[in-house]
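With the hints as your guide, set chain B onto chain A.
Taken in sequence, the protein lines are chains A and B. Each residue of the first sequence is one higher than the one before, counting from 1 in our numbering. Each residue of the second sequence is one higher than the one before, counting from 1 in our numbering.
Note that these hints are calculated values from the structure, not bench results. Yeah, the Cβ is synthetic: ideal placement off N, Cα and C, and Gly gets one too. Take the hints with a grain of salt, since some may be wrong.
In the DSSO-like style, the derived pairs of lysine-lysine whose C-alpha atoms are separated by at most 27 Å in a straight line are [stated by the list, open to error]:
| hint | chain 1 | residue 1 | chain 2 | residue 2 |
| --- | --- | --- | --- | --- |
| 1 | B | LYS6 | B | LYS30 |
| 2 | A | LYS146 | A | LYS101 |
| 3 | A | LYS146 | A | LYS23 |
| 4 | B | LYS6 | A | LYS23 |
| 5 | A | LYS91 | A | LYS32 |
| 6 | A | LYS23 | B | LYS67 |
On the chain B side, residues computed to face chain A include the following (Cβ under 7 Å) [stated by the list, open to error]:
| hint | residue |
| --- | --- |
| 7 | ARG10 |
| 8 | ALA24 |
| 9 | ASP55 |
| 10 | SER56 |
| 11 | VAL63 |
| 12 | LYS67 |
| 13 | LEU90 |
| 14 | THR91 |
| 15 | LEU103 |
| 16 | GLY105 |
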Amino acid sequence: MVESSKSQNAALPPFEVHVESGKCAAREALDKFLEELRPLNLDIEEAGTIELVLAEVLNNIVEHAYAPASDGGPIAIRCEQTPDGLFVLIKDRGTAMPDGKLPLGDLAPLDAELDDLPEGGFGWFLIQHLARDVTYTRVDNENHLKMRLAVRLS
Amino acid sequence: MRFDTKTEERLRIVSVQDPRIDAAVAIEFKDAMRVETDSGPDLVILDLSNVEFIDSSGLGAIVAAMKNMGQARKLALAGLTPNVERVFTLTRMDSVFNVFPTLQGALDELGS
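The following block holds chain A by itself, in its conformation from the complex (with noise of 0.2 Å):
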């Protein structure tokens, strides 16, 4: 009983996970990531929420900020709890946001034929529906976005 509820309110130390661009960058940074969460023993759907996220926002680095001309670069992930949930900030040196701005992330409509469903451009949507506070700003070379996943609040 102790042991339990002082690992629950145990704040978690920030930590820093970080991976080369490529194709199983994403899979590589988020086995990872959820390691390092281990100790606050998420739910199964505390767990899926964070995976979800944290894979359109890598995917998205790796398929447009990293052209897949380049050389690929790095990926840094800095999470830090607080009584507000996971802050997470989410680092790369690949091509800025189109304007500068984060994507509106609108569902395309579906009540299309069937040849024009939509087969993309859900990223974004699940993103800024299932994250709070998402904020984009570019830093020197750096595109950094921030957000707060809201787990474990207190």
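Chain B alone, transformed into the frame defined by chain A:
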């Protein structure tokens, strides 16, 4: 991308054996689905009960697989685990597919 396929008189069941349909395997999934659905029965049930994680690339690949089959044929989804189901619900893609909680439920409803 590993599939386990079973063809019955009126339908084909394609069970995904990998735990993830994500960006790393989305193209592979699409190609493998094309092989499974290019011929055979008009009704295909995609059994996702072993899939624990899907991202937007995986979702797009499933939509592409349905589009590949054309208007006259149907792709139904069965056995969505909680995190997979949530992606379909959030994006409202659950309204585009015929979704069944279990493979048995799909077979009972669609007839084997």
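If you draw a straight line from the CA of B:LYS6 to the CA of A:LYS23, is it 27 Å or shorter? Given that 27 Å is the threshold and the Cα spacing comes to 31 Å, the pair is violated.
So, as I understand it, the hint says B:LYS67 touches chain A; can you test that by seeing if any CB pair is closer than 7 Å? It holds, given that the least Cβ distance between B:LYS67 and chain A is near 6 Å, below 7 Å.
Using Cβ atoms only, decide whether B:THR91 comes closer than 7 Å to chain A, and label the hint accordingly. Result: holds, 5 Å to nearest chain A Cβ.
Under 7 Å, Cβ to Cβ, is where B:GLY105 needs to be relative to chain A, so tell me if that hint holds or is violated. Violated: closest Cβ of chain A sits about 22 Å from B:GLY105, beyond 7 Å.
Status of the hint placing B:VAL63 at chain A (closest C-beta pair under 7 Å): 5 Å, holds
27 Å Cα cutoff - pair A:LYS91, A:LYS32: Distance ~16 Å between A:LYS91 and A:LYS32 Cα, so the pair holds.
Would you settle whether the hint for B:ASP55 is holds or violated, based on the nearest Cβ-Cβ distance to chain A being less than 7 Å? Nearest chain A Cβ about 4 Å off; hint holds.
Between A:LYS146 and A:LYS101, does the CA-CA distance stay at or below 27 Å? 13 Å, holds
Proposed proximity, A:LYS23 with A:LYS146 (alpha carbon, max 27 Å): Distance of about 23 Å is within 27 Å: holds.
Does the nearest C-beta of chain A fall within a distance shorter than 7 Å of the C-beta of B:LEU103? 21 Å, violated
Need the status of pair B:LYS6, B:LYS30: alpha-carbon distance at most 27 Å? 18 Å, holds
Closer than 7 Å between Cβ atoms is the bar; does B:SER56 clear it against chain A? Give me holds or violated. 4 Å, holds
This entry does not satisfy hints 4, 7, 15, 16, going by the numbered hints stated previously.
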